[in-house]
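Take the given structure of chain C and dock chains H and U to it, following the hints.
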Amino acid sequence: MKAVGARLPRYDGLAHVTGRTQYVDDVRVHGTLWTKAVRSPHHSARILSIDTSKAERLPGVHAVITAADVPHNVYGHLEALGVPGDEPLIAQDEVRWKGQVVAAVAAESEEIALAAVEAVEVTYEEREPVFDIRIASDPDAPTFHQWGSTYPHFGPHNHRRVRKGDVDRAFEDADLIVEGVYRPQAIEHVPLETQVALAVPEPSGRLTIYTCTQAMYFSMGVVAAHLQWPLAKLKLIGGTVGGGFGGKVDTATETICALLAIKANKPVKWRFTREEEFLVSSTRAPWHIELKDAVTKDGWILGRRTLTLHDAGAYARFSPYGVTKHAFHHTGAYTIPNVRFDGFVVFSNRVPTTAMRGFGVTSVSMATEAHLNRVAEQVGMDPLELRLKNANRIGDTTGNHVVMHDPSTVVVTLAAADAAGYQLGEEYRSMTSERRTGELLPEHLVAQQAPDGDHLATYNPATTNGGAH
Amino acid sequence: MRLTVNGTEHDVLSPPLTPLLQVLREELSITSPKAGCQQGGCGACTVLVDGEPRRSCLTPIASIEGASVATVEGLGTPEELSPVQAAFHEHYAAQCGFCTSGFMMAAEALVQRDGETSREEVIEALSGHICRCTGYVKIIDAVTAAVNGDVDTARVEVDQSPRGDEAVTLIPGSPA
Amino acid sequence: MAKHRGRGFATIEYPTGMNQNGDPSQAWIKLKPDGSVDVFSGTVDIGQGSKTVHTQIVADALGVPYDTVTMDNTNTDSSAVCTGTFASRGTFIGGNAVRFAAEKTRERILDIASKELEISPDDLEIADGQVMAKGAPDRKISVADVAGAATYQYGELISGQGTALKPLAEINDDDGSVTVEPHSAISYAACVIDVEVDDETGETTVLKMLQVYDVGRAINPTLVEGQIEGGAMMGLGLGLLENSYPFYPSPEHRGEQFGSYLAPSLEDFPEIENVILENPSADGPFGAKAIGEMANNAQPPAIAAAIHDAVGVWITEMPATPERVLRALDEKQEPRRDGKRVIYDEDLSVEALSSDGGQAYWGVHA
Numbered sequence: 049m050k051a052v053g054a055r056l057p058r059y060d061g062l063a064h065v066t067g068r069t070q071y072v073d074d075v076r077v078h079g080t081l082w083t084k085a086v087r088s089p090h091h092s093a094r095i096l097s098i099d100t101s102k103a104e105r106l107p108g109v110h111a112v113i114t115a116a117d118v119p120h121n122v123y124g125h126l127e128a129l130g131v132p133g134d135e136p137l138i139a140q141d142e143v144r145w146k147g148q149v150v151a152a153v154a155a156e157s158e159e160i161a162l163a164a165v166e167a168v169e170v171t172y173e174e175r176e177p178v179f180d181i182r183i184a185s186d187p188d189a190p191t192f193h194q195w196g197s198t199y200p201h202f203g204p205h206n207h208r209r210v211r212k213g214d215v216d217r218a219f220e221d222a223d224l225i226v227e228g229v230y231r232p233q234a235i236e237h238v239p240l241e242t243q244v245a246l247a248v249p250e251p252s253g254r255l256t257i258y259t260c261t262q263a264m265y266f267s268m269g270v271v272a273a274h275l276q277w278p279l280a281k282l283k284l285i286g287g288t289v290g291g292g293f294g295g296k297v298d299t300a301t302e303t304i305c306a307l308l309a310i311k312a313n314k315p316v317k318w319r320f321t322r323e324e325e326f327l328v329s330s331t332r333a334p335w336h337i338e339l340k341d342a343v344t345k346d347g348w349i350l351g352r353r354t355l356t357l358h359d360a361g362a363y364a365r366f367s368p369y370g371v372t373k374h375a376f377h378h379t380g381a382y383t384i385p386n387v388r389f390d391g392f393v394v395f396s397n398r399v400p401t402t403a404m405r406g407f408g409v410t411s412v413s414m415a416t417e418a419h420l421n422r423v424a425e426q427v428g429m430d431p432l433e434l435r436l437k438n439a440n441r442i443g444d445t446t447g448n449h450v451v452m453h454d455p456s457t458v459v460v461t462l463a464a465a466d467a468a469g470y471q472l473g474e475e476y477r478s479m480t481s482e483r484r485t486g487e488l489l490p491e492h493l494v495a496q497q498a499p500d501g502d503h504l505a506t507y508n509p510a511t512t513n514g515g516a517h
Numbered sequence: 002m003r004l005t006v007n008g009t010e011h012d013v014l015s016p017p018l019t020p021l022l023q024v025l026r027e028e029l030s031i032t033s034p035k036a037g038c039q040q041g042g043c044g045a046c047t048v049l050v051d052g053e054p055r056r057s058c059l060t061p062i063a064s065i066e067g068a069s070v071a072t073v074e075g076l077g078t079p080e081e082l083s084p085v086q087a088a089f090h091e092h093y094a095a096q097c098g099f100c101t102s103g104f105m106m107a108a109e110a111l112v113q114r115d116g117e118t119s120r121e122e123v124i125e126a127l128s129g130h131i132c133r134c135t136g137y138v139k140i141i142d143a144v145t146a147a148v149n150g151d152v153d154t155a156r157v158e159v160d161q162s163p164r165g166d167e168a169v170t171l172i173p174g175s176p177a
Numbered sequence: 107m108a109k110h111r112g113r114g115f116a117t118i119e120y121p122t123g124m125n126q127n128g129d130p131s132q133a134w135i136k137l138k139p140d141g142s143v144d145v146f147s148g149t150v151d152i153g154q155g156s157k158t159v160h161t162q163i164v165a166d167a168l169g170v171p172y173d174t175v176t177m178d179n180t181n182t183d184s185s186a187v188c189t190g191t192f193a194s195r196g197t198f199i200g201g202n203a204v205r206f207a208a209e210k211t212r213e214r215i216l217d218i219a220s221k222e223l224e225i226s227p228d229d230l231e232i233a234d235g236q237v238m239a240k241g242a243p244d245r246k247i248s249v250a251d252v253a254g255a256a257t258y259q260y261g262e263l264i265s266g267q268g269t270a271l272k273p274l275a276e277i278n279d280d281d282g283s284v285t286v287e288p289h290s291a292i293s294y295a296a297c298v299i300d301v302e303v304d305d306e307t308g309e310t311t312v313l314k315m316l317q318v319y320d321v322g323r324a325i326n327p328t329l330v331e332g333q334i335e336g337g338a339m340m341g342l343g344l345g346l347l348e349n350s351y352p353f354y355p356s357p358e359h360r361g362e363q364f365g366s367y368l369a370p371s372l373e374d375f376p377e378i379e380n381v382i383l384e385n386p387s388a389d390g391p392f393g394a395k396a397i398g399e400m401a402n403n404a405q406p407p408a409i410a411a412a413i414h415d416a417v418g419v420w421i422t423e424m425p426a427t428p429e430r431v432l433r434a435l436d437e438k439q440e441p442r443r444d445g446k447r448v449i450y451d452e453d454l455s456v457e458a459l460s461s462d463g464g465q466a467y468w469g470v471h472a
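Residue numbers (the numbering used here), protein chains in the order written: chain C, 49 to 517; chain H, 2 to 177; chain U, 107 to 472.
For reference, chain C alone in the conformation it holds in the complex (with noise of 0.2 Å):
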């Protein structure tokens, strides 16, 4: 009997419908103190005073951090790739972003807590606020962030660039340019578990924090990198996680747990509220993408120029990496000989963005994809015909030189187009995914096509001696 290909039930199946699978909340440890963030109510300030004595003062609060309270305050998430870190866990000379941690306390119930927040005394000097990231590199726009508009470390440059071919000779050979704006929203990841994590102090001296993250491994990294302990000392325990998304990444409450819990010699447990978890976690980016196609009457895509703009909230967090991922699919799944690509992660004074289904590639897809219509109708042509035309065939060549070696595009187009009843002219509905010749492989196309017969990796016609293996 073979499991692979098989409906078997799901392994946590039983579990999850006698009610018995475990979240984070649902780990019961005697004397868990309840945690609650005080946050910044501006966009962007300064901030001029903190004063917790009060808060401390309550009775039944057990522990209240600051900034101070960080050993190393200041964490990026590519850090380990040699990018500085440009956050810090706790706010401490300003805000920058409405709802920023600017202190934490763990109390005996959530009532108690809710009233140390309360409690604590900040004093900000506000300033003006960046919200569209279209005019936030104006040479007149305020800067908030340290690197000033933009991220700056692609290396020498401010933006990720994909350059390939002659993208300015495919415009003047093109027959029409269409050009279009595409703006996908940020919008909230809504697990049904919101943020959480419980942190416990160990007889040992070690530190068990049960959390909700999607990468055990990352996660203690960060927490590790901010407590400078060793990775010996903590022991991250996960379970199921009740809906991540991409949410549950960003390691939001682990950290201040534990600081917490090292402070009282207690456990402490952060759930965030559901007004928390709309409304402060981070979110998908809104991108702000504009698109220029160089097309044949016959609707080849000669070529294409994009500039994306990624709207990163406050700290650069993944963004970087999704703008990267981004640049690598930008041509979608057809073939497109000639591009020139620049993509922007730009700083603006809402909640940092990060990963989430999809990232990266799902704003790209949205606004390709959008647009390949657009240009169909410009040129006169079947949408789907036309995507049959350049999608990826075995050989071709992405815009960062990889080989496709087995791509399925003419099949998924040709199978949805068949069980959609939707009718295609003979030639488009024989297409396969084989190699370019005759008709479909015009003059343009031919440099971009990688060599037959060898399992190239990647292709790169400006050399030689082509790609590594």
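Hints are computed from structural coordinates only; laboratory data are not their basis. Positions of the beta carbon are idealized from the N, C-alpha and C atoms, including for glycine. Errors might be hidden in some of the hints.
Claimed, not checked - Coverage of chain U stretches by chain C, computed from C-beta distances (three or more under 8 Å per stretch; other residues unrestricted):
#1 125 to 133
#2 153 to 162
#3 328 to 340
#4 355 to 363
#5 397 to 409
#6 451 to 463
What the hints assert, rightly or not - Among chain C residues calculated to face chain U with C-beta under 8 Å, some are:
#7 HIS91
#8 PRO204
#9 GLU338
#10 ALA467
To be verified - Within a straight-line C-alpha distance of at most 25 Å, the following computed SDA-like cross-link-like pairs (lysine to any residue) qualify:
#11 C:LYS50 - U:VAL470
#12 U:LYS446 - U:GLY463
#13 C:LYS281 - U:VAL187
#14 C:LYS283 - U:ASP444
#15 C:LYS340 - U:ARG443
#16 U:LYS446 - C:GLU220
#17 C:LYS281 - U:ASN181
#18 U:LYS314 - H:VAL169
#19 C:LYS340 - U:ASP444
#20 C:LYS340 - U:VAL470
#21 C:LYS50 - U:ASP444
#22 U:LYS109 - H:GLU121
Only chains H and U this time, still in chain C's reference frame:
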């Protein structure tokens, strides 16, 4: 005050305005109802109070003094699943499982109500529950089956077919 | 004063893995003395079913019944490193890690079995928990007996470990080129969406979503359907309902509850039809690729295209709310033509809004 939960009588100590959800989870350690939003908007906290589905996050216990509360823990066991539980397991109606308890208790109320129920009526009855993982398809399949008595096995049969599955097509030309 | 039907189409692709950043997954396996199998995988199950898929992979890679395999809860003391559950890497990369661990474990089982049966390991196979001579299945020993013999006679813990790690794909920062593929596989999907648009209220109702996915290999077809269906509703939310900032870029009036933030509910539930295709990958476990992340990517553009088909307006600021549809119907904006240029959405562009024509962005060197 007195509260019966899954057939067991309890002397509840929480103050009268405490939401039933908090009493169940914190005082009685009955954790199947979940704190999804505590605003009455998602349904993950749904339990039965005297047979009626209620948002336990919005139900102060003083308002249900002496009532009989039912949660998933009282429906059945892994060895003996109730029809609603068997239907959810058979139809893969749970992914992360966090919304599942609320849906199942609402479904249980529908099952108790008796009589044939159409798929459209099931959708209408459950429309106050949010699920983010499943896209609802298999939940509706499960509940429609349960309310129409269409649950014939208490455990899911393991599909013995080595490769044959009509819903999955190997692309011609691909290695098998 | 009418409802109009429309149909829209989208084809997409999506990469598995994140070896632009480094993405190892590791796993290890041990057998108890009675032959039951314990798997320690670092992959976190977020509901997509990675525990199930990994158990299925191990069962077949070892040749033992599915219900003899136990998955430990992910924790950092006993689970090995898995970079994380994202980038659609759980089945491919996480699954390869458990597969490699199972293959190493299988070698140890065969080694002990060969000593017990006095047959070379090359002439043995394992199926349904039995180690058998190829072509002579009556010469056999159960995996349970092998594990017992290992523990009490041979002094060996039968175990195996595996790591799946694709080399880092370094990126040329000047032109974006790579010499190592920045992914482990690519999955493909196409989607057809039928809508009805009310030209008086601007409301769009999704009637049906037909979705075709090439997932390489459906390790568990029902779990694949779960991803298609869950993704479909999330994509519907992206296309029509959800916005963290309803007046973006303004931060005002954010929804803080279900009801002011419109997560898709059963009120929005259309007919959903799935088609699952398999174009197996070269290196994935049993040919698998991925589906998790891409599942909500095709719907927004297909919805936009369907709205255009229905009422002739293009919505490119998502979601396509009733207000946006009505405004577009009122304005009936045609693209500007300038020679061979056809220019849509000009008033949304950087060039139109910035104080210097967007030079900071458009003016970077070629």
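Hint-by-hint comparison with the structure:
Three residues within the 8 Å Cβ limit are the bar, and the segment 125 to 133 of chain U against chain C gives 3, so the coverage statement holds. Against chain C, the segment 153 to 162 of chain U contributes 6 residues with a C-beta closer than 8 Å to a partner C-beta. That satisfies the three-residue criterion, and the hint holds. Residues of the segment 328 to 340 of chain U lying with their CB closer than 8 Å to a CB of chain C number 4, which satisfies the three-residue condition for coverage. Only residues whose beta carbon comes within less than 8 Å of a beta carbon in chain C count, and the segment 355 to 363 of chain U has 7; three or more means the coverage holds.
Three residues within the 8 Å Cβ limit are the bar, and the segment 397 to 409 of chain U against chain C gives 10, so the coverage statement holds. Here's how the segment 451 to 463 of chain U fares: 9 of its residues keep a CB closer than 8 Å to some CB of chain C, so the rule of at least three is met and the hint holds. A least Cβ separation of about 7 Å between HIS91 (chain C) and chain U falls short of the 8 Å threshold, and the interface hint therefore holds. With a cut of 8 Å, the hint placing PRO204 (chain C) at the interface with chain U holds, because the nearest CB-to-CB distance is about 7 Å.
Hint on GLU338 (chain C) holds. Least Cβ distance to chain U is approximately 6 Å, under the 8 Å limit. For the restraint placing ALA467 (chain C) at the interface with chain U, the shortest Cβ-Cβ distance is roughly 6 Å, inside the 8 Å limit, so the hint holds. Restraint check for LYS50 (chain C) and VAL470 (chain U): the C-alpha separation of about 56 Å exceeds 25 Å, so the hint is violated. Simply put, LYS446 (chain U) and GLY463 (chain U) have alpha-carbon atoms about 21 Å apart, close enough for the 25 Å limit, and the pair holds.
Note on LYS281 (chain C) and VAL187 (chain U): the hinted pairing holds, with a Cα-Cα distance of about 16 Å set against a maximum of 25 Å. For the hint linking LYS283 (chain C) to ASP444 (chain U), the alpha-carbon distance of about 63 Å lies beyond 25 Å, and the restraint is violated. With a CA separation close to 13 Å, the supplied pair LYS340 (chain C) and ARG443 (chain U) stays within the 25 Å bound. Among the hinted pairs, LYS446 (chain U) with GLU220 (chain C) is consistent with the structure: their alpha-carbon atoms are about 10 Å apart, no more than 25 Å.
Distance check on the hinted pair: LYS281 (chain C) and ASN181 (chain U) sit about 14 Å apart at the alpha-carbon level, within 25 Å; holds. At most 25 Å may separate the alpha-carbon atoms for a hinted pair to count; LYS314 (chain U) and VAL169 (chain H) meet this at roughly 20 Å. For the proposed pair LYS340 (chain C) and ASP444 (chain U), the alpha carbon gap of about 13 Å is at most 25 Å, so the pair holds. Taking the CA atoms of LYS340 (chain C) and VAL470 (chain U), the gap is about 16 Å. The hint holds against a cut of 25 Å.
Straight-line distance between C-alpha atoms of LYS50 (chain C) and ASP444 (chain U) comes to about 62 Å, which puts the hinted pair past the 25 Å bound. With a C-alpha separation of about 22 Å, the suggested pairing of LYS109 (chain U) with GLU121 (chain H) holds against the 25 Å cut-off.
In the structure shown, a violation is registered for the earlier hints numbered 11, 14 and 21, in ascending order.
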